[in-house]
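Enquirer: Sequence:
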Amino acid sequence: LGVAEYISLPDDGNLHELSIVWNRMYNQYSLEPVCLLVTLVHSTKEAEELARKWKLSNAERLLGMFVTTYRDTCYKGTPLKYFQDLLVDGSLIEHVTEVLKYCGRIHEADEIKNWNVPQLPLTGKDLKIAGVKAGPDMGKILKLSKEKWKESFYSMSKEELLEVALRLYKK
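Heads up: the sequence shown begins at 8 in the numbering used here, then just goes up one per residue.
No wet-lab data here; the hints were simulated from the structure. Only a predicted model underlies this, so the values are computations on that prediction, with no experimental measurement involved. Hints may contain errors.
[Claimed, not checked] Simulated pairs of lysine-lysine, DSS-like, Cα-Cα distance not exceeding 25 Å:
hint, residue 1, residue 2
1, K60, K83
2, K155, K132
3, K135, K150
4, K147, K132
5, K165, K132
Based on the sequences and whatever the hints tell you, model everything.
Expert: So this is what it looks like as structure tokens:
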């Protein structure tokens, strides 16, 4: 119809993607409207531009960009652990559940909604007490310790993480 340009939608909007997502969710579950809107864009940059032109709220803009960023990873059947790691790293649970629903992974969205996000048991205070000097090195050690903890499926104790951290500090 040629109206896309007049309402700030991409001329080459992905109507096929919109159709797939709409048909999958219709009468089964709901998605935030912005999640349907971003089916029409191809990139995070386009999602951000669309949010600006449509004057979407900051929350809608961030959700749209998140879904656009992670939908391909989600479609590839990436294990739930990947999305749990996103939550551990600070992503909003609403964002993660929406991207899972977008991809039709409803049971996993429900599972993650009910998951208690664990907190890293090791803190900078623990490192400081153990003799690690505050500064950029401490941040790097904490980050590497967090990665080890995530690799352990969040099972490593504070003591085990402190041992790993001190080995890293001595390198």
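Enquirer: Of the numbered hints stated earlier in the document, which are not met by this structure?
Expert: The structure conflicts with hint 1 only, although it agrees with all the remaining ones.
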